[in-house]
Amino acid sequence: MAAEKVGLATKIMLSHIGLTFATFVFVLLPLWLTLIGGVSTPPRPGGFSQGGSVLLALVSTSLTTSLGAASISTSVALLASALTLFSRTFAGFYRLWLTVMLFTNPIFLVLGFSSLLWNVEPLLAVTSSTAYVVLPLGGLIIQSGVDQIPSVQIKAARSLGALPIVVLREHVLPAVRGQLELAWFLMSIYGLGFYLLPTFVGFGRIVTLGTAINTVTNRVGDWVAAQQLASVLIGLQIVMLVGWQFVRSYRAVR
Amino acid sequence: MSMLKKALAIVLIVILGGPVFAIGLLSLSPSKGMDFFSRPEQASFQWWAALYVDHSWAIAAVTSVNIAILSAALAMICVVPVAVYWRLTGARLSRALLGLSSLAFFVPPVVLAIGIYKIVLAFNLFDTALGLSLAHLSITIPVVGFIFSERLKNSSNAGFLVARALGASPAAATMTWLSASHRASLTAAAAAAFMGSMSEATLTIFLSDTRVTTIARRALSGISQDVDPSGYAAMMAWVGIVSLVYICAGQIKYSNRKG
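Those protein sequences? They're chains A and B, same order as listed.
All residue numbers for the first sequence refer to this note's numbering, where the first residue is 1 and numbers rise by one.
All residue numbers for the second sequence refer to this note's numbering, where the first residue is 1 and numbers rise by one.
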């Protein structure tokens with residue numbers, strides 16, 4: 001019995017060590033290597049020294065595409081999730097679509113978008129295709145909130161004469177408000193680092209932080225500049241995270 | 001359903017399914033490029049045939065599956081015992097470790113790729129299947145951690161306590177509890193990790209070159225080097241496979257419940 005307990009404790013300890021090692025090597029160390037490489041190296045031509053305006057343009061384009069995509073996706077996901085309350089056929093289609101798209105390789109989607117949106121204004125093409133790629137993530141979060149609304153509540157509201165738009169405004173929106181905010185925030189954070197869509201759908205005419213990192217790494221070979229840009233990207237995410245937490249705590253206090 | 005709701009459903013189906021449908025049509029292109037056909041009789045299966053004949057797709061698929069299996073298995077080995085220990089004992093260290101391991105979910109893959117590239121290079125694992133499998137742990141660990149610990153959090157550990165009360169050892173009681181109550185969540189976590197690794201693109205592009213060709217790498221070379229519409233056929237095949245798996249899993253779940 002004692003030997004079995006020792007064996008079990010060893011296994012538990014080994015699993016903790018394994019997860020700690022994997023987290024350290026494949027999450028924390030890469031982040032540290034990227035950030036330290038980025039902030040401790042003096043600026044080089046092509047990096048920050050090119051001028052704040054270039055960096056500002058990169059940041060604003062990245063924010064425009066990611067926030068725009070998150071807003072479009074949240075609206076579409078809300079409408080689609082609300083519709084699942086009224087139509088079982090649509091609910092089946094939407095759940096299947098969410099699962100399939102969540103696990104569809106983004107490169108395949110890029111391939112399709114690049115041919116479908118080739119003559120659309122680049123910023124619009126990149127934003128709408130980013131919205132499509134991040135939609136399954138936000139869609140699942142919002143759908144989980146809608147699934148928790150008792151169907152009796154919706155049926156009661158409808159039988160008392162509430163229009164679908166009223167049901168959406170008075171019953172669905174208040175119930176999924178938390179999921180909506182979380183989905184919007186996660187999608188905007190997730191879309192911030194995209195580089196495949198701006199590269200291939202925007203045909204290089206839309207330069208975001210992600211595409212700039214890819215270009216300076218894989219084409220120019222300037223890893224220092226890439227690390228600097230990655231540091232800016234992470235910094236932007238941290239600012240967004242702090243801002244989001246601030247808004248949440250401010251609302252909680254009120 | 002009223003007309004308005006029907007109209008909304010149609011609009012949403014067009015928005016959501018339109019791009020996939022269009023890619024499906026493009027995969028039947030009769031020309032050598034990315035063109036739609038004007039008449040149904042012009043549709044051609046040449047790109048589906050190319051997908052079948054071109055062995056690079058098959059090799060890429062096998063490599064991707066191998067990488068995904070190894071990465072998902074390693075993630076399960078790392079995460080499941082820690083999550084179970086946390087659920088049974090409430091250990092804060094285990095909870096903190098699970099939370100820390102899911103940090104990668106919030107970091108853009110392009111940022112992680114730069115750091116992992118340096119590590120992989122230092123251990124001579126660049127452009128190897130093992131290197132990619134290990135790198136994919138940054139995707140598969142958060143996926144397993146999120147799905148499995150979320151299910152554990154919302155479940156009862158009564159099965160474990162009953163087994164212990166009946167004299168089972170902690171290990172045997174845990175195994176009994178997991179196999180009785182959490183087989184579905186274990187399967188879901190493993191499947192999601194596998195699919196997450198299969199659909200990962202950014203790390204793959206940064207960490208592989210010519211020796212290891214995954215599906216993502218093969219599709220990318222199809223876009224960047226020349227226009228290769230067999231990628232459309234590949235996408236439609238992938239969408240078909242995932243849909244089929246989803247529908248079959250749903251049917252099995254439904255018949256189990258009915259049974």
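Since the hints were derived computationally from the structure, they do not count as laboratory data.
The beta carbon of each residue, even a glycine, is placed where N, CA and C say it ideally should be.
Any given hint might turn out to be false.
Stated by the list, open to error - Derived, one-sided and incomplete: chain A residues facing chain B with beta-carbon distance under 10 Å:
1) A22
2) V59
3) L63
4) F90
5) R95
6) M101
7) N105
8) Y190
9) F194
10) Q227
For each hint, the structure was consulted:
1. A22: holds, 5 Å
2. V59: violated, 14 Å
3. L63: violated, 14 Å
4. F90: Holds. Min distance 5 Å.
5. R95: Cβ of A/R95 sits 8 Å from chain B, so the hint holds.
6. M101: A/M101 check passes; min Cβ-Cβ to chain B is 8 Å, inside 10 Å.
7. N105: holds, 4 Å
8. Y190: holds, 8 Å
9. F194: OK, holds: A/F194 within 10 Å of chain B, min 8 Å.
10. Q227: holds, 6 Å
Violated hints for the displayed structure, listed by number in ascending order: 2 and 3.
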